[in-house]
Amino acid sequence: MIEVTIQLLGFIAAALLIVIGIAGMVFLDNMIKKIIAFTLLSDGVNLLLVAIGYIEGGVVPILLPGMSITEFTMRAALVFPIGIVLTNIVIGVSTTAILVALVIMLYRRYGTLKASVILKGERR
Amino acid sequence: MTSIATMYDKLKKYLDNFIIGRGYTNIMTGYITGELQFLIFIIILASLFRIFSFPLAIIILVLTGAAAIYFAPTIINIEKENSNELNRVLYWFLIYFAIIIAITIWGG
Amino acid sequence: MMELVSNLWSIPLIVIIPLITAVIVNAIYDKEVIKYISIASALITLGISIISPYGYHWFTGHPAFDPNTFTFTFDPGIPAFRLSLEFVYGPIQQIMIVISSLILVFCVILATVGLTKRQGPYMATIFLLFASAAIIIMVNDLYHLWIAVEIGSLIVVGVVVASGTSISHKAALKYAFFSAISGAGLAVALALLLGITGFANVSDIIRIMNTVGISGMEKILYISFGFFILAWMYAGGLAPIHPLKSEVYGASYPHATAVLQAQSKLMLVAIGIIMLRIFGTLPFIKEVMIFLSVITMILGVVLALIQIDFRWIIAYLIISHSGLVTLGIALGTKDGIIGGVFQAVNDIIYMSVLLFCCEALYYFGGATSTKNSFGIARKSPWLCAAVLLGAFAAAGMPPFNGFQSEIILIQASLNSGLPEIAVIILMVSITTLIALLRAIYRIFLKPPEVEVLEAKIPKAINFGIWLFIILTIIIGVYPDIALRFIIPAVEGGFLP
Amino acid sequence: MIELSSSFIIMGYVMVIAITVGAIAALLQKDLIRAAFLSGAESIALAFFFQALLAPDLGLTQAIVGTVLLPGIIILGIFKTRRTEEE
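In order, the protein sequences belong to chains A, B, C and D.
Under numbering that gives the first Met the number 0, the first residue of the first sequence is numbered 0, with each subsequent residue one higher.
Under numbering that gives the first Met the number 0, the first residue of the second sequence is numbered 0, with each subsequent residue one higher.
Under numbering that gives the first Met the number 0, the first residue of the third sequence is numbered 0, with each subsequent residue one higher.
Under numbering that gives the first Met the number 0, the first residue of the fourth sequence is numbered 0, with each subsequent residue one higher.
Isolated chain A, as found in the complex (with noise of 0.2 angstroms):
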């Protein structure tokens, strides 16, 4: 019996965020929804980079005072993949901005959002 943390529960949650993210991505129809799910998909992988981090019985990395150094670097969570993940967050929400400009400028040209319109596979 694995003993249940609450590193190992943000594993599940960030596995089950990637598979819907993905999931939606390939199976619904709609721009709009496929977008969402791409965010569910970066959320999830913030969420498996943070659990990474993570270490039992840790501290938050901020140096309080009155904490020593030897304390502080035994027991803080890692602080790399926060900076990785803040990056992400960034880099997400320009991504999404950029899908959502592309969409808005092919519903123009389309009048639909459905993707088995938008992008239907031409002969080439």
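Since the hints were made in silico from the structure, they are not lab data.
The structure displayed is predicted, hence computed values, not measured ones.
Mixed in with the good hints, there may be bad ones.
Stated by the list, open to error - Some chain B residues close to chain C (C-beta under 8 angstroms, calculated; not the full set):
id, residue
1, L47
2, I68
3, A71
4, N83
5, L85
6, F92
7, I104
As the list claims (entries may be wrong) - Straight-line distance between alpha carbons at most 35 angstroms, and here's what the computed DSBU-like set of lysine-lysine pairs gives:
id, chain 1, residue 1, chain 2, residue 2
8, C, K30, D, K79
9, C, K333, B, K79
10, C, K116, A, K113
11, C, K218, C, K333
12, C, K455, C, K30
13, D, K79, A, K119
14, D, K29, A, K113
15, D, K79, D, K29
16, C, K370, C, K116
17, A, K113, B, K79
18, C, K445, B, K79
Ideal Cβ placement from N, Cα and C applies to all residues, glycine included.
Got chain A; can you put chains B, C and D on it based on the hints?
Okay, now just chains B, C and D, sitting in the frame of chain A:
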């Protein structure tokens, strides 16, 4: 069993598959070259299986040759499968990913 | 060999000058000055990349931690854990960045000649594309690699949208969706490696795996490799992604495609070498990579045969020749890697010749379709000669540079005991010639069915075409010009 | 100390369920604006999860970006296109 006449029919059907419904266009040369090239490519690729096991390579070689003649003209199918539809690409992508993970984990 | 320094001045400049140019040019938006600023900045980047010494740059300036003596050090010669984010400028980086900034110079010049309205944002995207490519080839930690891949793919979307047709919007949307998925995949790979080893620096990951070991974590390493391959496939447009990537190449302007293909080859080389360094010892890794590259070569060249537009033929040939680059890296031997990287350099050069010729065809009223014959050789015989020379270089004929790298690749695959791969390489180069000559015959040589406009090709395009043709011949006759950068880097373990 | 950690685990279960239900519900809506808001609700649960995983600054960022900025961009797109999903 395989007489010259049936071979001829097979070949004629093979060539007709290009022409019927498309008409003779300047792209014909490209299609026929592509077809022959792909045939040779996959036969060479099939023979690459000899690095795993030699009998397997011979079996796969024969099967590939048979399949290539059975499914001819292959180039039409490749062209169809080459569609740039997003979901089709995603489908192939996920299949590739699954195969790669399976091979590496099985091999290790 | 020059002395190595731990904070090389040139590395930030190579990244920051294009970034600042992008910001300024985007702010100016639509004025004559943009031309001079962008050409000057591209030339400055080229100059810096030529004169720069080799060394490291540690962003954030943290020293490295030496676990043997428990001290901090700034000496790059000592093997120590790098706490800051690390950029490397070595011989491979130098030759790749020099070539791609040469492409950047001509791309910028052609963009100023060809476009008249709203140059600012377009120039900005091209400079950002170059910056992302430069970051990817110089980086030695997975964090920057991932950021640059993500940003680079968003910028590719921008460049493709800028050409403004319906096809390009669709191609951009598909590519953006895909970049979202594989960017997430690369982040997962980074997360898994970080979880196994605790480091993001590639050298440190390898050192941890060799010294401490990863007992019980091998399966996670394989899954991480799978996600890495995903990003690799996507970066270079390898086999299942080739419809989307070729659409990207075909739908943007030809001069932009020159930078796009340079960026894609830089990404292939960089990610491939990082994959070899991290995962190279695992079983079945090289087989998977060889399989992917062979499939890419075959599909790309076969699909190039059945295209009806010169642009799309070139697009599929770029995909197919990316397969050659990855094949060399996937072989994993010294000869193979040398051949792969050399092929990447040559590929960037001769594909640029073909793309600039394609750009010149636009001045005849968009005569790139092979459905009609235009008889352009009668109007412009020198252009016809140039495109034929470019086709010969792409096919690997002896006096040109394609021959030199393909012969190395063929020898490498023979030495690895894979003669079939050598046969496939030969067939790919021959089929390349068939596909190109078919289009060249229809467009240039056949008596005209459709009259085209009387056109005057700008001097800049002619100059670019002939400069790159001379470059192909020089490298073809004296391959040591490029090989003296590549061989020491491969033999020295990729770090200066 | 034990009570604190066990209550943390219960919170974790609640957040996993909230995230999953929010994500699935967002993708099943016919009304796209409602879908955007539901993805914002999922982001709130995610922000709490970040807090529990010792990354409070990320929790704040995610709360702002995920509930205001991302649904805002998506709703802007919906206003420029159409509100309901076609059959």
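Going through the hints against the structure:
1. L47: With Cβ-Cβ at 5 angstroms, under 8 angstroms, it holds.
2. I68: With a minimum Cβ separation of about 18 angstroms from chain C (threshold 8 angstroms), the hint on I68 of chain B is violated.
3. A71: Not OK, violated: A71 of chain B not within 8 angstroms of chain C, min 14 angstroms.
4. N83: holds (4 angstroms)
5. L85: holds (5 angstroms)
6. F92: holds (5 angstroms)
7. I104: holds (5 angstroms)
8. C:K30 x D:K79: Cα-Cα ~31 angstroms, so holds.
9. C:K333 x B:K79: violated (39 angstroms)
10. C:K116 x A:K113: holds (33 angstroms)
11. C:K218 x C:K333: Measuring from Cα to Cα gives roughly 28 angstroms; hence the hint holds.
12. C:K455 x C:K30: holds (25 angstroms)
13. D:K79 x A:K119: holds (22 angstroms)
14. D:K29 x A:K113: holds (13 angstroms)
15. D:K79 x D:K29: Holds, because 17 angstroms separates the two Cα atoms, which is no more than 35 angstroms.
16. C:K370 x C:K116: It holds: about 31 angstroms lies between the C-alpha atoms, which stays within 35 angstroms.
17. A:K113 x B:K79: Distance ~22 angstroms between K113 of chain A and K79 of chain B Cα, so the pair holds.
18. C:K445 x B:K79: holds (30 angstroms)
In this structure, the earlier hints numbered 2, 3, 9 are contradicted, and the remaining ones agree with it.
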